[in-house]
Amino acid sequence: NAGVTQTPKFRILKIGQSMTLQCTQDMNHNYMYWYRQDPGMGLKLIYYSVGAGITDKGEVPNGYNVSRSTTEDFPLRLELAAPSQTSVYFCASSGTEGKKNIQYFGAGTRLSVL
Amino acid sequence: AQKVTQAQTEISVVEKEDVTLDCVYETRDTTYYLFWYKQPPSGELVFLIRRNSFDEQNEISGRYSWNFQKSTSSFNFTITASQVVDSAVYFCALSENAGNNRKLIWGLGTSLAVNP
Chain A
1 NAGVTQTPKF
11 RILKIGQSMT
21 LQCTQDMNHN
31 YMYWYRQDPG
41 MGLKLIYYSV
51 GAGITDKGEV
61 PNGYNVSRST
71 TEDFPLRLEL
81 AAPSQTSVYF
91 CASSGTEGKK
101 NIQYFGAGTR
111 LSVL
Chain B
1 AQKVTQAQTE
11 ISVVEKEDVT
21 LDCVYETRDT
31 TYYLFWYKQP
41 PSGELVFLIR
51 RNSFDEQNEI
61 SGRYSWNFQK
71 STSSFNFTIT
81 ASQVVDSAVY
91 FCALSENAGN
101 NRKLIWGLGT
111 SLAVNP
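Residue numbers (this note's numbering), protein chains in the order written: chain A, 1 to 114; chain B, 1 to 116.
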């Protein structure tokens with residue numbers, strides 16, 4: 001059982017480039033989340049999804065887009081990378097029964113925009 | 001407004017000392033959940049515990065224990081006989097039961113260094 005898988009683990013982008021951070025989970029969780037974590041800071045919610053086809057903005061959505069075409073996948077798109085998007089990105093998922101509200105995290109993607 | 005405060009930014013202890021990490025929360029909801037997560041130097045976020053607002057019993061898991069007190073809106077985490085492997089950033093988080101998004105409100109974390 002892989003849990004939440006994020007790819008890539010590391011990426012360096014040039015200013016203005018675009019990229020998609022991939023996130024997939026095999027726990028059949030309805031809820032999925034994207035966070036960013038800046039050095040010495042806590043987690044800030046970028047976008048979240050309560051199910052396939054439904055997404056909503058979190059605290060810091062500017063500069064990002066998401067889609068949720070399947071239960072398993074929740075990719076995060078950076079359209080025009082900026083140095084301010086240098087961060088570590090975490091994807092998480094949570095279920096609806098039993099251990100609901102517990103978010104399980106991927107290993108993270110470390111992104112540098114130069 | 002919902003808020004989680006971890007007033008201790010950094011704590012440094014010597015191995016085998018006991019250490020308590022404080023977490024104070026604010027919420028207007030009567031039903032909510034509290035969490036602790038661990039982020040070791042390798043960077044992943046590891047779930048440690050979830051407690052709902054109706055369960056004020058203290059929890060013990062090995063060297064870890066949690067003290068939930070609604071009267072003071074606190075959910076403190078104690079590590080007994082700390083070890084070097086406990087060195088990590090620890091996050092406290094709050095989730096309100098209302099709503100359909102299961103979002104967590106995160107504290108800024110406490111960085112714990114356990115020195116040999």
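Derived by calculation from the structure, the hints in this document are not laboratory data. Since we're looking at a predicted model, the values are computed, not measured. Any given hint could be a false lead.
Unchecked claim - With a straight-line cut-off of 20 Å between C-alpha atoms, the simulated EDC-like cross-links for lysine to aspartate or glutamate are:
hint: 1; chain 1: A; residue 1: K9; chain 2: A; residue 2: E59
hint: 2; chain 1: B; residue 1: K3; chain 2: B; residue 2: E26
hint: 3; chain 1: A; residue 1: K57; chain 2: A; residue 2: D38
hint: 4; chain 1: B; residue 1: K3; chain 2: A; residue 2: D26
hint: 5; chain 1: B; residue 1: K70; chain 2: B; residue 2: E10
hint: 6; chain 1: B; residue 1: K70; chain 2: B; residue 2: D55
hint: 7; chain 1: A; residue 1: K44; chain 2: B; residue 2: E56
hint: 8; chain 1: A; residue 1: K9; chain 2: A; residue 2: D26
hint: 9; chain 1: B; residue 1: K70; chain 2: B; residue 2: D29
hint: 10; chain 1: A; residue 1: K57; chain 2: A; residue 2: E79
hint: 11; chain 1: A; residue 1: K9; chain 2: A; residue 2: E79
hint: 12; chain 1: A; residue 1: K57; chain 2: B; residue 2: E56
hint: 13; chain 1: B; residue 1: K38; chain 2: B; residue 2: E10
hint: 14; chain 1: B; residue 1: K70; chain 2: B; residue 2: E56
hint: 15; chain 1: B; residue 1: K38; chain 2: A; residue 2: D38
hint: 16; chain 1: B; residue 1: K38; chain 2: B; residue 2: E15
hint: 17; chain 1: A; residue 1: K44; chain 2: B; residue 2: E96
hint: 18; chain 1: A; residue 1: K9; chain 2: B; residue 2: E44
hint: 19; chain 1: A; residue 1: K44; chain 2: B; residue 2: E15
To be verified - Restraint ranges, calculated between C-beta atoms of paired labels, are given here:
hint: 20; chain 1: B; residue 1: T20; chain 2: A; residue 2: R110; range: 27 to 37 Å
hint: 21; chain 1: B; residue 1: K16; chain 2: A; residue 2: T70; range: 46 to 56 Å
hint: 22; chain 1: B; residue 1: E59; chain 2: A; residue 2: I15; range: 18 to 28 Å
hint: 23; chain 1: B; residue 1: Q2; chain 2: A; residue 2: G40; range: 16 to 26 Å
hint: 24; chain 1: B; residue 1: L48; chain 2: A; residue 2: V88; range: 14 to 24 Å
Unchecked claim - So, partial list: chain B residues that the calculated Cβ filter (under 10 Å) puts toward chain A:
hint: 25; residue: A7
hint: 26; residue: T9
hint: 27; residue: V13
hint: 28; residue: K16
hint: 29; residue: P41
hint: 30; residue: R50
hint: 31; residue: R63
hint: 32; residue: L108
Where a beta carbon is used, it is the ideal one built from N, C-alpha and C, also for glycine.
Now the hints, each set against the structure:
{"no.": "1", "hint": "A:K9 <-> A:E59", "result": "violated (24 Å)"}
{"no.": "2", "hint": "B:K3 <-> B:E26", "result": "holds (5 Å)"}
{"no.": "3", "hint": "A:K57 <-> A:D38", "result": "holds (19 Å)"}
{"no.": "4", "hint": "B:K3 <-> A:D26", "result": "violated (31 Å)"}
{"no.": "5", "hint": "B:K70 <-> B:E10", "result": "violated (25 Å)"}
{"no.": "6", "hint": "B:K70 <-> B:D55", "result": "holds (10 Å)"}
{"no.": "7", "hint": "A:K44 <-> B:E56", "result": "violated (28 Å)"}
{"no.": "8", "hint": "A:K9 <-> A:D26", "result": "holds (18 Å)"}
{"no.": "9", "hint": "B:K70 <-> B:D29", "result": "holds (12 Å)"}
{"no.": "10", "hint": "A:K57 <-> A:E79", "result": "holds (16 Å)"}
{"no.": "11", "hint": "A:K9 <-> A:E79", "result": "holds (19 Å)"}
{"no.": "12", "hint": "A:K57 <-> B:E56", "result": "violated (33 Å)"}
{"no.": "13", "hint": "B:K38 <-> B:E10", "result": "holds (14 Å)"}
{"no.": "14", "hint": "B:K70 <-> B:E56", "result": "holds (7 Å)"}
{"no.": "15", "hint": "B:K38 <-> A:D38", "result": "holds (16 Å)"}
{"no.": "16", "hint": "B:K38 <-> B:E15", "result": "holds (18 Å)"}
{"no.": "17", "hint": "A:K44 <-> B:E96", "result": "holds (17 Å)"}
{"no.": "18", "hint": "A:K9 <-> B:E44", "result": "holds (11 Å)"}
{"no.": "19", "hint": "A:K44 <-> B:E15", "result": "violated (32 Å)"}
{"no.": "20", "hint": "B:T20 <-> A:R110: 27 to 37 Å", "result": "holds (31 Å)"}
{"no.": "21", "hint": "B:K16 <-> A:T70: 46 to 56 Å", "result": "holds (49 Å)"}
{"no.": "22", "hint": "B:E59 <-> A:I15: 18 to 28 Å", "result": "violated (47 Å)"}
{"no.": "23", "hint": "B:Q2 <-> A:G40: 16 to 26 Å", "result": "holds (22 Å)"}
{"no.": "24", "hint": "B:L48 <-> A:V88: 14 to 24 Å", "result": "holds (20 Å)"}
{"no.": "25", "hint": "A7", "result": "violated (13 Å)"}
{"no.": "26", "hint": "T9", "result": "holds (8 Å)"}
{"no.": "27", "hint": "V13", "result": "violated (20 Å)"}
{"no.": "28", "hint": "K16", "result": "violated (28 Å)"}
{"no.": "29", "hint": "P41", "result": "violated (13 Å)"}
{"no.": "30", "hint": "R50", "result": "holds (6 Å)"}
{"no.": "31", "hint": "R63", "result": "violated (21 Å)"}
{"no.": "32", "hint": "L108", "result": "holds (4 Å)"}
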